[in-house]
Amino acid sequence: MKEEKIELIKDGKRLSGRGFEELRSIKIEVGVLKRADGSCYFELGDNKVIAAVYGPREMHPRHFQNAKMAVVKYRYNMAPFSVDDRKRPGPDRRSQEISMVSRKALDPVILRELYPKTAIEVYVEVLQSDAGTRTAGINAASVALADAGIPMRDLVSSVAIGKIDGEVVLDLDAKEDNFGEADMPIAMIARTNTITLLQMDGRFKKEEFERGLKIAMSGCRKIYELQKDALVKKYSKSGNEE
Amino acid sequence: MGQEVIEDIRKDYVYDLIEKGKRADGRGFLDFRNIVVERDLIKKAEGSTRVQIGDTVVLVGVKVEPGEPFPDTPNKGILMTNAELVPLASPEFESGPPGENSIELARVVDRGIRGSETIDLEKLCIEEGKKVWMVFIDIHTLDNDGNLVDAAALGAIMSLLNIAIPYEQYGLTGEDMQIRDTPVAVTVVEIGGNLLVDPSVYEESAATSKLTVISNADGSISGLQKSGSTGLTEEKIVQMTKIGIEKAREIREKYLPKI
Numbered sequence: 001m002k003e004e005k006i007e008l009i010k011d012g013k014r015l016s017g018r019g020f021e022e023l024r025s026i027k028i029e030v031g032v033l034k035r036a037d038g039s040c041y042f043e044l045g046d047n048k049v050i051a052a053v054y055g056p057r058e059m060h061p062r063h064f065q066n067a068k069m070a071v072v073k074y075r076y077n078m079a080p081f082s083v084d085d086r087k088r089p090g091p092d093r094r095s096q097e098i099s100m101v102s103r104k105a106l107d108p109v110i111l112r113e114l115y116p117k118t119a120i121e122v123y124v125e126v127l128q129s130d131a132g133t134r135t136a137g138i139n140a141a142s143v144a145l146a147d148a149g150i151p152m153r154d155l156v157s158s159v160a161i162g163k164i165d166g167e168v169v170l171d172l173d174a175k176e177d178n179f180g181e182a183d184m185p186i187a188m189i190a191r192t193n194t195i196t197l198l199q200m201d202g203r204f205k206k207e208e209f210e211r212g213l214k215i216a217m218s219g220c221r222k223i224y225e226l227q228k229d230a231l232v233k234k235y236s237k238s239g240n241e242e
Numbered sequence: 243m244g245q246e247v248i249e250d251i252r253k254d255y256v257y258d259l260i261e262k263g264k265r266a267d268g269r270g271f272l273d274f275r276n277i278v279v280e281r282d283l284i285k286k287a288e289g290s291t292r293v294q295i296g297d298t299v300v301l302v303g304v305k306v307e308p309g310e311p312f313p314d315t316p317n318k319g320i321l322m323t324n325a326e327l328v329p330l331a332s333p334e335f336e337s338g339p340p341g342e343n344s345i346e347l348a349r350v351v352d353r354g355i356r357g358s359e360t361i362d363l364e365k366l367c368i369e370e371g372k373k374v375w376m377v378f379i380d381i382h383t384l385d386n387d388g389n390l391v392d393a394a395a396l397g398a399i400m401s402l403l404n405i406a407i408p409y410e411q412y413g414l415t416g417e418d419m420q421i422r423d424t425p426v427a428v429t430v431v432e433i434g435g436n437l438l439v440d441p442s443v444y445e446e447s448a449a450t451s452k453l454t455v456i457s458n459a460d461g462s463i464s465g466l467q468k469s470g471s472t473g474l475t476e477e478k479i480v481q482m483t484k485i486g487i488e489k490a491r492e493i494r495e496k497y498l499p500k501i
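Each protein sequence line maps, in turn, to chains A and B. Here the first sequence stands for residues 1 to 242, where the numbers follow the numbering used here. Here the second sequence stands for residues 243 to 501, where the numbers follow the numbering used here.
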């Protein structure tokens with residue numbers, strides 16, 4: 001269903017009124033679920049995702065165990081009502097790929113060697129989707145891992161960069177994603193400036209790619225600060241209560 | 243194995259407390275935990291409700307889309323209820339195709355809505371035999387601290403209030419969907435001969451039997467589901483049903499409009 005082309009940039013501003021290098025509004029809440037070992041609710045504009053972490057716990061089935069380190073499981077799942085046309089419940093090819101790349105985005109920061117033979121399980125539920133759910137999921141998952149007390153080298157922060165009406169812009173929303181020319185999600189370890197996820201579809205010129213990457217990395221750094229703030233807020237608060 | 247031992251200890255603890263007339267969280271046998279509801283959190287859904295009972299959280303979303311009617315009911319809309327016990331919500335839930343517990347949850351909620359005839363399915367017919375509105379009720383569990391059924395059923399009926407059918411999107415016109423009744427589910431469990439409502443997850447595992455009673459505004463019953471490993475006497479069933487109807491009335495008065 002191809003819809004008519006719409007103008008995404010008017011008078012140097014995006015439809016949402018955002019600047020080219022401006023993130024959508026972000027809300028982070030830590031420790032929102034009782035049963036999970038760690039959890040995080042993450043809003044990025046109209047995206048609403050929630051992540052839970054269980055473990056380290058016994059790995060099932062056994063033959064997936066790794067004798068040297070913990071195995072990270074990551075499940076990205078969309079609620080059927082999270083999108084305009086109801087999504088059929090259960091995994092599909094898209095969500096399986098997202099689960100895989102998200103897991104690989106987080107693997108490098110987790111001190112997996114401390115927990116051989118176990119599983120560290122990350123579950124991400126997308127409650128409402130508006131483009132950028134995988135980046136929101138990774139941001140939430142990374143905070144949930146910290147909330148679960150999993151030893152980590154750093155947090156992972158993620159955002160997408162894209163191209164609309166010929167301009168390189170940060171953090172595409174659904175309209176921009178549907179009618180834009182390129183979309184490139186990245187994830188980064190802020191402390192070392194290491195990229196742990198990089199995907200792209202659409203078309204970038206080499207110069208646009210290089211500039212886009214820089215903008216996306218600075219976006220990740222902003223998100224990193226918000227993630228840290230949310231964790232500090234939760235744990236300094238619970239410290240005062242005791 | 244460690245898990246199973248802890249399970250048994252917890253069961254014994256719950257059981258012993260109840261024998262002394264107490265519950266772990268201090269409430270009476272016929273008290274619900276605190277209920278918090280929040281409506282219309284999901285813009286992409288025609289209706290949605292987050293229901294929290296104690297630490298149990300479910301999010302119910304309703305989507306309305308046109309589709310083909312079933313051949314045996316060509317003039318009626320379609321109601322579909324689905325539940326996902328996502329592994330995010332509990333260490334006991336696993337990913338994979340829906341298991342018997344999620345199917346039971348969806349079917350009990352569905353039966354309550356359907357049995358009460360709260361939705362007039364004939365009004366959801368667009369063109370007989372060709373096109374009708376399909377109403378999808380999706381139950382997404384977020385945190386399982388017991389009694390998912392009552393939370394999901396309340397979320398379902400609340401999400402169905404004032405549904406604006408997306409006529410415009412499909413070039414159609416018509417009126418908004420109205421509900422005709424307010425079914426409410428109340429689950430009663432038996433532990434050591436005592437009857438309790440709104441079981442926590444540990445009480446659920448200690449319960450010998452469980453009865454979910456879905457009742458309507460006029461006190462009639464539109465759904466029943468017994469589960470658990472032990473049988474129930476007629477006397478107990480009557481008693482449990484009475485409790486179920488009475489508690490449902492309290493919840494209805496607090497959270498649902500008069501029909």
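Be careful, since some hints might not be right.
[Unchecked claim] Here are some, though not all, of the chain B residues that point toward chain A, as calculated from beta-carbon distances under 7 Å: (1) Val328; (2) Ser337; (3) Phe378; (4) Asp380.
[What the hints assert, rightly or not] Listed below are the simulated BS3-like cross-link pairs for lysine-lysine, each with C-alpha atoms no more than 27 Å apart in a straight line: (5) B:Lys285 with A:Lys13; (6) A:Lys34 with B:Lys253; (7) A:Lys34 with B:Lys285; (8) A:Lys68 with A:Lys117; (9) B:Lys264 with A:Lys34.
Quick caveat, the hints were computed from the structure, so don't treat them as lab data. Just so it is clear, CB atoms sit at the ideal spot from N, CA and C, and this is done for glycine as well.
Tested hints:
The beta carbon of Val328 of chain B comes within 6 Å of a beta carbon in chain A, closer than 7 Å, and the hint placing it at the interface holds. Because the beta carbon of Ser337 of chain B sits about 5 Å from the nearest beta carbon in chain A, less than 7 Å, this interface hint is met. Hint status for Phe378 of chain B relative to chain A: holds, with the closest Cβ pair at about 5 Å, below 7 Å. Against a cut-off of 7 Å between C-beta atoms, the interface hint on Asp380 of chain B holds, since the closest Cβ of chain A lies about 4 Å away.
Note on Lys285 of chain B and Lys13 of chain A: the hinted pairing holds, with a Cα-Cα distance of about 25 Å set against a maximum of 27 Å. Among the hinted pairs, Lys34 of chain A with Lys253 of chain B is consistent with the structure: their alpha-carbon atoms are about 19 Å apart, no more than 27 Å. Only pairs whose Cα atoms come within 27 Å are accepted, and Lys34 of chain A paired with Lys285 of chain B is accepted, the gap being roughly 26 Å. Annotation: proposed proximity of Lys68 of chain A to Lys117 of chain A holds, straight-line Cα distance about 7 Å (limit 27 Å).
Under the criterion of a C-alpha separation no larger than 27 Å, the hint pairing Lys264 of chain B with Lys34 of chain A is consistent with the structure, at around 23 Å.
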